[in-house]
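Engineer: Using the sequences provided together with the hints, build the complete structure.
The numbers in my numbering rise by one with no breaks, and the one at position 155 of the sequence shown is 155.
Just so you know, the hints here were simulated from the structure itself, not pulled from any lab data.
Quick reminder that beta carbons are idealized off the backbone N, C-alpha and C, glycines included.
A portion of the hints provided could be inaccurate.
[To be verified] Below, in silico cross-link-like pairs of lysine-lysine (DSS-like), each with a Cα-Cα straight-line distance of 27 Å or less:
#: 1; residue 1: 146; residue 2: 127
#: 2; residue 1: 149; residue 2: 127
#: 3; residue 1: 112; residue 2: 266
#: 4; residue 1: 202; residue 2: 176
[To be verified] Quick list of the computed label-pair ranges, beta carbon to beta carbon:
#: 5; residue 1: 192; residue 2: 106; range: 43 to 51 Å
#: 6; residue 1: 263; residue 2: 177; range: 27 to 35 Å
#: 7; residue 1: 151; residue 2: 54; range: 38 to 46 Å
#: 8; residue 1: 97; residue 2: 252; range: 41 to 49 Å
#: 9; residue 1: 200; residue 2: 78; range: 24 to 32 Å
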Amino acid sequence: MRKSALFSLLFILGTTLHAQYTETINSNRPGQSQGAFAVGTSVIQIETGGYFGNDEHSAFASTTDIWGIDYQLRYGLLFENLELNLTGAFENQDISRNFLGTQDESSIRNFKANTIGAKYLIFDPYKELEEDKPNLYSWKANQRFKWKKLIPAVSLYAGANFSFGDNPYLYEGEGKFSPKAAIITQNNWGRWVLVMNFIGDKLSEEYRSYILMGTLTHAISQKFAVFGEYQSIWSDIYADDLVRAGAAYLVGKDLQFDVAGLMNFKDTPSRWQVAAGVSYRFDLHKIDEFLEDSNEGNRRRQRSEKLGRKKKNKGEENGEGGK
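Structural biologist: What follows is the structure, given as structure tokens:
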């Protein structure tokens, strides 16, 4: 299961899952938020894409053409609840300024961000909360809204930003290493997934940032999903409100393509971007961790064990000794 932003649980509609690992890829793209759930043990996942856009700053009389590549490498380590990840972006900016009729042009190019971190699921309502049993005497009681559905899964994230060399994207006096932390929540409501990120970035710096992100994803079908995202940034250097929207398409179980767009609502600077990307999963996952005494968990366990026996038999037929 996972994030949102995309295909985390969206393709096992209406089913309560009891393991982090899902039968289809669960990508954080094309949004910028992280989902609460990890990719699953021994899963290696690459999420990357290109983007281009423009920033126009009315106060500085500047126009900046932007292109870049962002990337995320995710790995499920030791437990279903734990994920290690590397997130970053390489960006080029071509800047044009008009000062008192004099045109000045310059370019900068470097890694705009690199962060290595770990995410751990501390609360999963699908495991921790007792499943409601049907009321055999009241149809109305069975249809009543259950308030506990509003209780989200919760993860904690801790990471470190790092930069090497003379990086033009660092503010004057900014250190090359700084901590980052986040609280991540996720609600899964059938075809809908809501992810919230509460982020503190560059916490050791004078100009630290606080970020709120909310991503709402809707599965149109088992292969196609759309999303909308709101991001608010508070900092003494840069504050903004951004909105994103886009779609993703699933090809097979391990491959996803996506497109997205971004815009804001001010002119210091006014911003727009478009992006396209791909996510791919190297699925080395063997057996899920299941919730004990769960019918769904038992079914999924049996399915995994059956798959394991098929792989073993196939290996023996090919002379591999079944190992």
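Engineer: Within 41 to 49 Å or not, the Cβ separation of residue 97 and residue 252?
Structural biologist: Given about 48 Å between the Cβ atoms, the range holds.
Engineer: Can the suggested window of 24 to 32 Å be confirmed for the beta-carbon pair residue 200 and residue 78?
Structural biologist: 26 Å, holds
Engineer: Next pair to validate is residue 202 with residue 176; report whether the Cα-Cα distance is within 27 Å.
Structural biologist: 10 Å, holds
Engineer: Is it true that the C-beta distance of residue 263 to residue 177 lies inside 27 to 35 Å, as the hint says?
Structural biologist: 32 Å, holds
Engineer: Run the distance test for residue 149 versus residue 127: straight-line Cα separation, threshold 27 Å.
Structural biologist: 13 Å, holds
Engineer: Would you mind confirming whether the straight-line C-alpha gap from residue 146 to residue 127 stays at or under 27 Å?
Structural biologist: Roughly 16 Å separates the two Cα atoms, so the pair holds.
Engineer: Can you tell me whether the CB distance of residue 151 to residue 54 sits inside 38 to 46 Å?
Structural biologist: Hint holds: Cβ distance 42 Å, inside 38 to 46 Å.
Engineer: If I claimed the Cβ atoms of residue 192 and residue 106 lie 43 to 51 Å apart, would that claim hold in this structure?
Structural biologist: 45 Å, holds
Engineer: Taking only the CA atoms, is the gap from residue 112 to residue 266 under or equal to 27 Å?
Structural biologist: 22 Å, holds
Going through the hint list in order, the structure satisfies each hint without exception.
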